[in-house]
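Peer 1: Listed below are the residues making up each chain.
Protein chains: 2
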Amino acid sequence: MAEREELDAFTSDPAVLGWMQGFPAAADKRLAWARADHMRFPMHRYAFSRMREFVPTARVGRGQGPVWELPEAWRDDLDAVSFTAMGGGAEMSWKDALAANFTDAVCVLHKGALVYERYLGLTRRDTPHIAWSVTKSFVGTLMEMLIHEGRIDPKAPVAALIPEMAASGFADATVGQVMDMTTGLAFSEEYSDPNSGIGAMSNALGLTPRTPGYQGPDSVFGFLPTIGKAGEHGERFMYRTCNTEVLGWLIARTEGKRLQEVLSERIWQPLGMEQDADFLIDGSGMAFAGGGLNPVLRDMARFGEAMRCNGEGNGRQVIPAAVVESVRRGARPEDFARSTYPHLPGWSYRSQWWITHNNRGAFTARGIHGQAIYVDPAAEMVVARFASHPVAANSAIDPASLPAYEALAEHLIRAG
Amino acid sequence: MAEREELDAFTSDPAVLGWMQGFPAAADKRLAWARADHMRFPMHRYAFSRMREFVPTARVGRGQGPVWELPEAWRDDLDAVSFTAMGGGAEMSWKDALAANFTDAVCVLHKGALVYERYLGLTRRDTPHIAWSVTKSFVGTLMEMLIHEGRIDPKAPVAALIPEMAASGFADATVGQVMDMTTGLAFSEEYSDPNSGIGAMSNALGLTPRTPGYQGPDSVFGFLPTIGKAGEHGERFMYRTCNTEVLGWLIARTEGKRLQEVLSERIWQPLGMEQDADFLIDGSGMAFAGGGLNPVLRDMARFGEAMRCNGEGNGRQVIPAAVVESVRRGARPEDFARSTYPHLPGWSYRSQWWITHNNRGAFTARGIHGQAIYVDPAAEMVVARFASHPVAANSAIDPASLPAYEALAEHLIRAG
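Residue numbers (this note's numbering), protein chains in the order written: chain L, 437 to 852; chain Z, 437 to 852.
Honestly, the hints are just simulated from the structure, not real lab data.
Some clues are possibly wrong.
Put simply, identical chains are the same to the list, so a pair is met inside one copy or across any two.
List time: in silico DMTMM-like cross-link candidates among lysine to aspartate or glutamate, alpha-carbon distance up to 20 angstroms [stated by the list, open to error]:
# : residue 1 : residue 2
1 : Lys465    : Asp771
2 : Lys693    : Glu770
3 : Lys465    : Glu600
4 : Lys547    : Asp513
5 : Lys591    : Glu842
6 : Lys665    : Glu553
7 : Lys465    : Asp654
Let the sequences and hints guide you as you build the complete structure.
Peer 2: Dropping the structure here:
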């Protein structure tokens with residue numbers, strides 16, 4: 437096989453490479469969870485839209501209600517919208533950016549109507565695709581809903597709500613600090629290092645194959661209390677997925693229900709999602725709150741549209757307007773500025789959403805390898821995207837993505 | 437924990453035993469695939485309705501079409517219907533039989549309307565439950581459909597269609613013999629023996645944990661060619677799940693599609709099923725054709741209703757009438773009589789369905805631990821049932837089941 441550097445979006449297309457095709461698939465076309473193929477490019481381009489075929493999953497049920505039908509108002513002027521990639525990069529078109537970002541699926545809503553939609557590789561309208569950390573924004577929104585209802589106090593320290601965390605670095609962090617990821621923790625979010633915090637957590641959750649003789653925690657509940665403190669809470673934003681796992685635990689314990697059930701009851705069913713979603717779970721049945729949700733593209737877009745419309749979607753107020761307002765208000769950009777995102781100036785991170793603080797009020801949900809919901813209120817635009825970029829970090833993907841979203845928003849405002 | 441002999445349907449209720457309840461569940465309430473808890477009573481009572489949370493699964497999609505709505509005409513006279521259990525057993529009521537059979541869910545259609553429905557334990561209307569060998573009847577029906585279309589010749593020897601099987605015991609068996617399970621094979625269907633054929637196959641498919649250092653086949657495609665011949669083909673019925681795996685292979689290769697896709701396109705979508713189903717798969721992504729389907733109860737009933745109505749369901753001819761006619765005609769009872777079912781006199785096995793040859797023309801799909809679709813054409817009745825009986829073999833479950841179905845049919849004919 438060619439080196440990954442040689443493969444572009446077309447030559448790494450999983451349909452072209454023929455993973456798992458044929459009965460049986462040839463030995464060199466078989467992918468295996470035990471080899472972590474679902475995490476390695478170019479194999480992950482297949483696995484991202486077939487996660488449930490590699491690992492145990494729980495269902496996020498859409499129920500029996502009617503689908504929230506999205507009006508369609510297709511337009512053909514978006515492919516040509518051009519922009520300059522970040523950092524003095526190339527001038528490129530929206531269409532060029534699809535391949536540059538290893539896009540698997542993307543759609544654009546304008547004023548609530550589908551104006552653009554593309555499916556590439558193996559992803560189709562009815563194919564759930566892993567959303568990675570876009571999951572966090574669903575979880576953060578659920579947390580905001582529980583806070584709004586007075587069921588959780590955002591000022592409470594974690595140890596007061598989860599006694600098992602009393603000896604952990606989270607003990608004296610407030611719920612709000614966990615939501616905004618300003619906790620000071622001994623946990624490294626380095627995806628390429630198997631000995632990092634995220635690597636150890638992935639092992640505990642069973643999301644990646646464990647080394648023979650593994651003796652560590654076998655669920656998120658066993659892992660989280662082992663995380664120590666480093667620095668102070670509340671001083672700066674530091675992106676760490678373990679925060680979201682704590683939120684998942686809080687939601688489950690507060691509601692006395694599995695996270696996937698809460699998500700189904702409070703978002704999936706009332707929003708009239710068109711498909712069930714799959715949720716990766718650990719050995720204890722706990723959903724991987726920080727990155728395990730696999731929705732279909734249009735359902736991710738529906739969530740973005742409801743957030744754009746102050747919580748209204750499917751003809752009803754599904755998310756309280758105050759919740760959306762709390763998210764969109766953002767957090768302190770100075771806390772964000774102390775983190776490691778020089779290419780995102782002026783941004784903040786609030787309740788598991790990324791807030792641009794730009795002049796159109798844009799905010800976004802982001803997942804590794806290019807997953808995104810991008811909401812631009814002033815442009816009345818929502819973009820939902822699945823991708824399988826070779827690089828996990830969005831810093832490699834943002835240069836041809838964020839300026840593309842902005843150019844699209846400006847075009848839609850101009851062209852109407 | 438109490439010995440399994442001491443546990444009845446109530447004391448072994450998974451909700452009562454509290455498996456996987458709490459955040460986290462207590463250590464002694466956690467179930468693990470690695471310990472094969474999903475195959476052991478009473479733990480399997482939980483797992484049968486949560487299979488996708490233990491193993492990788494593929495989706496059988498219902499698509500986007502409207503649901504085939506089943507009219508409801510609830511009646512309260514069925515619980516009291518009484519019958520005598522087989523073999524001079526006790527007189528019991530239909531209601532008593534629910535617990536006797538460790539029923540998880542059961543519904544009855546009469547003249548196309550739901551007249552009775554009960555959910556017990558953790559199974560609900562929207563909970564997929566493993567159907568075990570009821571799966572075979574879906575697969576056999578798909579095979580009949582392909583034969584009807586001339587895409588597969590039932591007289592062709594297996595080796596002519598699957599060259600990889602040329603050195604196996606299946607080589608000179610015809611497709612029809614495989615469908616009717618009159619193949620002569622060195623394969624034992626002894627569920628309690630891990631060294632049996634079914635045990636080895638389960639290992640190859642990855643449905644049960646492999647022993648450390650396992651070097652055997654890692655997919656059904658690797659396993660099936662290793663099965664030898666024993667005796668002659670076409671002489672007697674002998675129930676062996678490996679036959680159905682060959683049918684699954686034939687369907688996938690003939691259609692050039694995954695079995696789950698063929699099932700979705702030809703049955704799940706046109707019949708207007710109300711939920712997606714989950715299909716257990718092996719490491720190569722191949723569906724476990726002999727027992728891996730997990731539908732919801734009403735969708736299993738819809739399939740039975742279509743078979744009762746000569747292939748018509750959801751307002752259209754989904755299955756050709758000739759296909760249903762071929763199934764209902766049955767096979768030779770004398771081939772069946774040479775097998776090991778003295779309590780099923782006069783029956784035959786045809787295209788993966790069990791044919792009673794009784795005077796009402798009843799036929800049935802059967803799965804271990806009590807899964808069933810029972811169609812009684814004369815009584816215009818269809819019963820669908822999920823169960824999690826401690827014993828796998830239906831010979832332990834039939835005594836309080838088959839007479840119950842017959843009594844129900846007679847009651848419905850009498851009472852109208």
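Peer 1: Take the hints in turn and mark each one as holding or not.
Peer 2: These are the hints, each one checked on the structure:
no. : hint              : result
1   : Lys465 <-> Asp771 : neither (46 angstroms within a copy, 42 angstroms between copies)
2   : Lys693 <-> Glu770 : neither (36 angstroms within a copy, 54 angstroms between copies)
3   : Lys465 <-> Glu600 : between (45 angstroms within a copy, 18 angstroms between copies)
4   : Lys547 <-> Asp513 : within (16 angstroms within a copy, 55 angstroms between copies)
5   : Lys591 <-> Glu842 : neither (35 angstroms within a copy, 64 angstroms between copies)
6   : Lys665 <-> Glu553 : neither (44 angstroms within a copy, 54 angstroms between copies)
7   : Lys465 <-> Asp654 : between (31 angstroms within a copy, 14 angstroms between copies)
Checked against the numbered hints given earlier, this structure breaks hints 1, 2, 5 and 6; the rest are met.
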